[in-house]
Structures are given as C-alpha cells and as structure tokens.
Amino acid sequence: MNKVIHLTDNYYEGTPILKENLSDVLRIASIGKLHNAEDMLVFPHSFSDLEDGIENLSILTLKDCEYENGKCVSAKACTGNLMGFVGVNETSISIHSRFTHDKHNGVVEDTGKDYFLYYMLQKVFSINVFEFEHTSNQDDKILDFMLYLFPYMLNKALVQGMYKEYQCHYYDDSRVKGVIEVSKYLRNDVPFRGNVSCRMREFCFDNPMTQLIRHTIDYIKHHPYGAFILNSNQETWDNVNKIIQVTSSFNKRDLGKVINANRKPKVHPYFIAYKELQLLCMRILCHDSLKYGENKDKIHGILFDGAWLWEEYLYTILKECGFRHPKNKTSKGGVRMFEKPEDEDYFDNNSRRMYPDFWKEDHILDAKYKHLNGKVGRDDLYQVVSYMHCMKTDNGGYVYPNDNNNKIKKYQLAGCGGQIYVIPFDVPQNADNWVDFSEKIKDSENVLKSIYYCPSRKN
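Each step along the sequence shown adds one to the number in the working numbering, with nothing skipped, and position 159 is 159.
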C-alpha cells in the first residue's frame, strides 16, 4: 500500500515521521545533495551545467533522531526551498508550498489546495496545471508534471531549429555514393545486376534525438490529457507536427533501441536546449519502468526550487514595469562594478559584474522566497546597498510572499542616502477554489505593478 506524507516547504522545526515510513524517509534524506539524485528532475538544477549552489540543497534533513541498537527509530523531517514530489518504494512525499491552506506543524491537511505552487508553475512555464488538483495518486502527479512541462521544453528547443546530426545510411542501387561495402556487395550484388552496396554519412533530421521526441509524443497521445497537452497552443501543435514529419522511420517497436541510443546526454555547441528536452523525454518514457520495475530503493520524482520559481514568477509581473532580470547563472545582463575594465584584473571574476535580481533606472529589487516577515538579514542588506551605491540608485528593496498581513515598510539610509523598501506580496489564504485564488492573486500582482509604475506613490 502506498504511504503518502504531505509536508510544506521551509519548515525548520521538523515534522515527526511515523515509524512505518521512517526507513524510506531515511533513504531520501541520505541522498544528501541534489547532484547525487540521479533519478530526480530538479528545476533548474537538472537542466543546467552551471554551478549555482542549487546542487548543494537537500531534499530533506532529519533532526531529533533517536537510536536503538544503532538503528534510527524516531526522527523529524525538515524541509527547505524545494517543492514537488518524491517517491521511493511504497512511500511518497509531497512537499507543498507553505502557503497551502489548512496546514499544521508542517503537514498539509487538505492536499487539494496547493494553489500558490500551481499558479507559479502556470505563469512561469505557460502551462495549465488545473488538472493536478484532481489527481490523487502521487506517482501519477510526478508523471503529469513532466507531461505538462513537455510542450514548454519542446518549444524552447525548436527555437534553435530542428535537431540534426550525421547518420550512416546504407544504399543498394545503381547510384554509387560514399564508401562501397565490399562484403554486402559480394553478398547481395554478385552476379552483377546493376546495383552496388554502399554506405554514406549524411546530415539528417531523422536521428535518435528526434526519434526520442517522437516516441514521447506518441506516449503522451495515449494519456487521458494527451490531446489537451499537445494542442495547448498553436506553437506546440506546429512543433509536434514538425517532429512527426521528419521522423519517417518511426516504429513503436524501436522504443528500447531509441532509449539506449539516448542514454548519454547530447552535448552540442549549438542545440544546447535539446539536452534539457532529451532529459525530460527519458524521464517520461522510463517513468513506468522506474515505478513498477525492480528498482528497489530507487528515489524518483520532480522538484522545483522555490526561490528560483518565485524569482521567475515575479519577472512575469515586473517585466511589464520595465524591470530587467539579469541571468547570473548564464552571466547575461550583468552590470559592471568598475568604471575601468582594467581595474577588474585586481579582483576575482565574481567581482567584475553585478547581478541584482531585478533592476531598472533608479530601482533595485531583490526577490526573497524564504521567511522574511519584514526582517532582512545582514548579507541581504549589504548586497542591495552595494548594488545601489555602484549603480547610483536611490531606491532598493525586497519583495517576499506574505500570509501575515504585513505592510510595506520604508527605511532611510544614512550617509549617501536612499531608501530601502520591504514589500510583502500577499498570497491569498481564504480562496474557496482555483478560480477564486487566481482572481485574488491578480489583485496582489496589480498592487506590485502600481508601486513601480508610479514610484511617487511609495509612502
């Protein structure tokens, strides 16, 4: 029987784990760091080769462990920024947003109201996650999340063009091209009948990568929501048809061969987005074998870093206000710290450019997902003040998700002057359903927009 544990993110006091679940929870906690979780999809870590610190996060940590005869018999599970679903053996753990309704001591009591997590996913990935509310099986939710992310990854990859690579093709006809296959020629074409067996490497679209995508499309078509997923918008529909058109050699019976050909991630200097798509397709096609196979103690699932998801969600709002969103993980959009480039040679690379979460003329804004409640840590304060000084701006601030009815606070800086704003973003806590939540959180979005459309109103 599948045992489900419902937790919330960033619960440091620890949630007691029942004895019958403890052995599986210990296995999840033993992963230690995300880079050791081979069968997990973690956004954005699993889809990036960059060192961003996320790989050092843990899914769970344990505290107040009690031992008998060297064996742990009691413990509490603590969570961090990670949200999503994890499965091992007969135990499933669902880590919800801490803004989920009806929670007590880090445990979610009503599992159908994780509206904030679903809403951020919908905004960031442009997907419709409403159906997750009605999915009760945790393993099905893991798969559903991956299926709904497929159009996003597919469209992102095809922006770079259709993937192509060299493939060896064999011919046996009168048009000699490439390398003559002597053994095949002797076997097939002697006595001579006008044909010659030959082999040629050709640059083509029908290859193991596009075949993998085609098999994933075929898999999704047979899902209850398959038609909706693959027809969610015109771009997805067009890209699905493009893949179907170029994979003329598609055969359902070749699935095992195609999976084996894609075991090693593709590393291509141009088609870099296909590595992400390849990883997602492999997880989708191998999900059933992982779930029902002989993979005892294999930990699988899908997780989202809450801090990253919150930051990306905020950008969907703030970009309308003219804010820029530097990508420190990809070194894009940074601002110089030194006026003279040659002065940078005296400092390490991290000092050469600044990457505030969001900035525009005379404004610096830092996104904070962690518990803030109006109190800013020293390092966070120094970081924003440094950005303000180097970029000659008078306004800096922090925006964080709020469920405690906190109000905007303004603090005047000494010395060079300037103001620091601590801005709570109200997450609705009394929504009756998904539609009600969506309408209420739009009010919070409009409040944030009004602050930065009209800076003079910040009093």
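Wrong hints could be hidden among the right ones.
DEER-style ranges, computed between Cβ atoms [to be verified]: (1) LEU255 x SER386: 50 to 56 Å; (2) LYS409 x PRO224: 31 to 37 Å; (3) GLN245 x GLU90: 40 to 46 Å; (4) PRO44 x GLU165: 24 to 30 Å; (5) TYR166 x LYS392: 33 to 39 Å; (6) LYS221 x GLN429: 37 to 43 Å; (7) LEU413 x GLU320: 24 to 30 Å; (8) ASN233 x LYS449: 23 to 29 Å.
Simulated from the structure, these hints should not be mistaken for laboratory data. Built from N, CA and C at the ideal position, the CB exists for glycine as well.
Against the structure, the hints:
1. LEU255 x SER386: 50 to 56 Å: holds (54 Å)
2. LYS409 x PRO224: 31 to 37 Å: violated (48 Å)
3. GLN245 x GLU90: 40 to 46 Å: holds (43 Å)
4. PRO44 x GLU165: 24 to 30 Å: holds (26 Å)
5. TYR166 x LYS392: 33 to 39 Å: Given a distance of about 53 Å, which is not inside 33 to 39 Å, the answer is violated.
6. LYS221 x GLN429: 37 to 43 Å: holds (39 Å)
7. LEU413 x GLU320: 24 to 30 Å: holds (28 Å)
8. ASN233 x LYS449: 23 to 29 Å: At roughly 25 Å between Cβ atoms, LYS449 and ASN233 fall inside 23 to 29 Å, so the hint holds.
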